[in-house]
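Q: Next come the chains, spelled out residue by residue.
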Amino acid sequence: MRLRLRPADTSFYDLFSKAAAHLVVGAELLAEMMSDTSDKADVAKRMREAEHAADETTHEIVRKVNSTFVTPFDREDIYALGSGLDDVMDMMDEAVDLILLYEVSSLPAEMSEQVGVIQRCAELTAESMPKLQSMKALEDYWIEINRLENAGDKNHRRMLASLFSGEYKTIDVLKLKDVEESLEGAIDAFEKVANIVEQIAVKES
Amino acid sequence: MRLRLRPADTSFYDLFSKAAAHLVVGAELLAEMMSDTSDKADVAKRMREAEHAADETTHEIVRKVNSTFVTPFDREDIYALGSGLDDVMDMMDEAVDLILLYEVSSLPAEMSEQVGVIQRCAELTAESMPKLQSMKALEDYWIEINRLENAGDKNHRRMLASLFSGEYKTIDVLKLKDVEESLEGAIDAFEKVANIVEQIAVKES
Amino acid sequence: MRLRLRPADTSFYDLFSKAAAHLVVGAELLAEMMSDTSDKADVAKRMREAEHAADETTHEIVRKVNSTFVTPFDREDIYALGSGLDDVMDMMDEAVDLILLYEVSSLPAEMSEQVGVIQRCAELTAESMPKLQSMKALEDYWIEINRLENAGDKNHRRMLASLFSGEYKTIDVLKLKDVEESLEGAIDAFEKVANIVEQIAVKES
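Protein sequences, first through last, are from chains W, Z and X.
Counting from 1, one number per residue, gives the positions in the first sequence under my numbering.
Counting from 1, one number per residue, gives the positions in the second sequence under my numbering.
Counting from 1, one number per residue, gives the positions in the third sequence under my numbering.
Please note: incorrect hints may appear among the correct ones.
Repeated chains share a single entry, so a pair holds when one copy, or any two copies, can fit it.
What the hints assert, rightly or not - Simulated crosslink set (PhoX-like; lysine-lysine; CA at most 25 Å straight-line):
| no. | residue 1 | residue 2 |
| --- | --- | --- |
| 1 | Lys64 | Lys40 |
| 2 | Lys40 | Lys192 |
| 3 | Lys154 | Lys45 |
| 4 | Lys131 | Lys192 |
| 5 | Lys177 | Lys45 |
| 6 | Lys131 | Lys177 |
| 7 | Lys40 | Lys154 |
| 8 | Lys64 | Lys192 |
| 9 | Lys64 | Lys45 |
| 10 | Lys45 | Lys131 |
| 11 | Lys18 | Lys45 |
| 12 | Lys136 | Lys169 |
| 13 | Lys154 | Lys177 |
| 14 | Lys203 | Lys40 |
| 15 | Lys64 | Lys203 |
| 16 | Lys64 | Lys169 |
| 17 | Lys64 | Lys154 |
| 18 | Lys154 | Lys18 |
| 19 | Lys169 | Lys131 |
| 20 | Lys192 | Lys203 |
| 21 | Lys177 | Lys136 |
| 22 | Lys40 | Lys177 |
| 23 | Lys136 | Lys40 |
If you are wondering where the hints come from, they were derived from the structure by calculation, not from laboratory data.
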């Protein structure tokens, strides 16, 4: 084990917490978008703002890592975590955007369930970020994210089977499959974040 | 050139050989899945088991690289090779899974040909892994994989042209295109593995 | 800041300039492909040749970085820039290839506009590569690429909305969406190149 003296600079943890807080907002907007009665153009506009705010936080992380001499953990891991969190936002934003662009008015119930999984992932991720400082009590987080990813995968497969069951018009299959794949992509991106956190925790322990 | 003393620990080679052996099993299951008379649910179940076994081997590689002080070649190359082999399995698993989910009952002959290319890639990769130890006689392997990838690319393009020729219903185009892209993805993943092996061999020579 | 003495070896800059020059050729072929009167098989053949030439330049960069003791900037950045430029070519080649394979005879006007954005990106990238040597006057380049990417994104969204507006047959939606996504992918790849250049410039300054 190499000896390391890390300074007590907490601002990286604050930035990761901020990035994860954007994801909670994004997941809520996604849930709002799924509702049949929502003003889709307005939700999409707010999602775009949330995505820009998330981008700004990602840039803050990159700038900070570039200008900091001693970082709380490996530089490459900070980059990976920052861009991993950003990827989640991009996938949620894509889902919202496609619903608007394709003028999908009614979304299957299976998709709302999937968005529920995404909301739970966002909350767990936001709760875990401040724990990076002590590196304690993080295991529950990544175990639970992995469990949610499995549940999401089952939902995803059920949704695809339903889409191709003959119940939908082909053009709607095409639309809904794209939306569904963005949702699946968001969950995968959450899992990737959890894997990065696990890797950091293992290295630092 | 830096001087390196690498220990004679053979277990990394054994793990890579094990990972590649899973790919041979996966490619056989894929071939079985293509047959009109196969029990698709049963083949998919066995594929899932093979994929889990492959995952386990990938984790063994990661754990070993994290707990080994001196590795037979660069740590990052071991990660890349391990995850490259894992990616192949994921693509084969995806192809099998989509055939089941989309209830594709009859598959075009062009796809069986593509699966033949995949089987050949799997065998070659499995044969080459033990040769990593001596770093000898590996060139034939990556040259042949590149040749197979070219053949696979020609098949892929023929298949796409046929899918869009007007012969298929649009919903079937949508289904078969997804399956075909997974097969193409598996071949690309084999090529990536061969590129990683080439890179390692060049560095170590 | 670490002290660095970099030799005045200009050949890396020449190779990057060469790689970007291939992109200008590729973008022109793409524009030719969009025309209703072009000989699509012939344009696709010339695109394939351009893509092979670009591949050869990428390999030259990799070989050079592997055989050079002191590189003008970090080895990993050279790899990233080389493969980033190569990715652009692959996306342009894919767009041309799909138009041929899917036998798309008439392309929407929105797509020609998108190809205009790609041509402008290619020219800007080619103009900026020689400036890597002095690391001067590069900021305008990445700002303008980011502006073009935003314009391209707006085109892309307009195109998707139009594709799903009910105006097109479903099979044509499927075809044109694939082509459109390759164009979008090319623009994204240009932006990634600009980001890599920005990162290098920041590090070296």
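Q: Confirm or reject each hint.
A: Taking the hints in turn, this is what the structure says about them:
Taking the shortest alpha-carbon separations for Lys64 and Lys40, neither the intra-copy value of 36 Å nor the inter-copy value of 50 Å comes in at or below 25 Å. Proximity of Lys40 to Lys192 under the C-alpha cut-off of 25 Å is found in neither arrangement, the shortest distances being 29 Å within a copy and 31 Å between copies. In the homo-oligomer, the alpha carbons of Lys154 and Lys45 lie at most 25 Å apart only across protomers (14 Å), although the nearest pairing inside one protomer, at 31 Å, exceeds that limit. In this assembly of identical chains, the alpha carbons of Lys131 and Lys192 lie at most 25 Å apart only when taken from the same copy (18 Å versus 32 Å across copies).
Both within a single protomer and between protomers do Lys177 and Lys45 lie at most 25 Å apart by alpha-carbon distance, with minima of 23 Å and 24 Å respectively. When the C-alpha separation of Lys131 and Lys177 is checked against a cutoff of 25 Å, the pair qualifies neither within a copy, at 36 Å, nor between copies, at 43 Å. Taking the shortest Cα distances, Lys40 and Lys154 sit within 25 Å of each other only across copies (18 Å), while inside one copy they are farther apart (27 Å). In this assembly of identical chains, Lys64 and Lys192 lie within 25 Å of each other by CA distance both inside one copy and across copies; the values are 22 Å within and 21 Å between.
When the C-alpha separation of Lys64 and Lys45 is checked against a cutoff of 25 Å, the pair qualifies neither within a copy, at 29 Å, nor between copies, at 47 Å. In the homo-oligomer, the alpha carbons of Lys45 and Lys131 never lie at most 25 Å apart, since the shortest distance is 32 Å inside one protomer and 39 Å across protomers. When the C-alpha separation of Lys18 and Lys45 is checked against a cutoff of 25 Å, the pair qualifies only within one copy, where the shortest distance is 21 Å, while the shortest distance between copies is 42 Å. Taking identical chains as interchangeable, the C-alpha atoms of Lys136 and Lys169 are never at most 25 Å apart, the minima being 50 Å within one chain and 55 Å between chains.
Proximity of Lys154 and Lys177 under a CA criterion of 25 Å is satisfied in both settings, with 15 Å inside one chain copy and 22 Å between copies. Proximity of Lys203 and Lys40 under a CA criterion of 25 Å is satisfied in neither setting, with 44 Å inside one chain copy and 42 Å between copies. Both within a single protomer and between protomers do Lys64 and Lys203 lie at most 25 Å apart by alpha-carbon distance, with minima of 22 Å and 13 Å respectively. With identical chains, the CA atoms of Lys64 and Lys169 are never at most 25 Å apart, being 50 Å at best within one copy and 50 Å at best between copies.
Taking CA atoms no more than 25 Å apart as the test, Lys64 paired with Lys154 passes in neither setting, with 39 Å inside one copy and 31 Å between copies. In this assembly of identical chains, the alpha carbons of Lys154 and Lys18 never lie at most 25 Å apart, being 30 Å within a copy and 28 Å across copies at closest. In this assembly of identical chains, Lys169 and Lys131 lie within 25 Å of each other by CA distance neither inside one copy nor across copies; the values are 47 Å within and 52 Å between. In this homomeric assembly, Lys192 and Lys203 come within 25 Å of each other (Cα to Cα) only inside a single copy, at 17 Å, whereas the closest approach across copies is 27 Å.
Taking the closest pair of Cα atoms, Lys177 and Lys136 never come within 25 Å of each other, the shortest separation being 39 Å inside a single copy and 46 Å across copies. Taking CA atoms no more than 25 Å apart as the test, Lys40 paired with Lys177 passes in both settings, with 19 Å inside one copy and 23 Å between copies. In this homomeric assembly, Lys136 and Lys40 never come within 25 Å of each other (Cα to Cα): the closest approach is 41 Å inside a single copy and 45 Å across copies.
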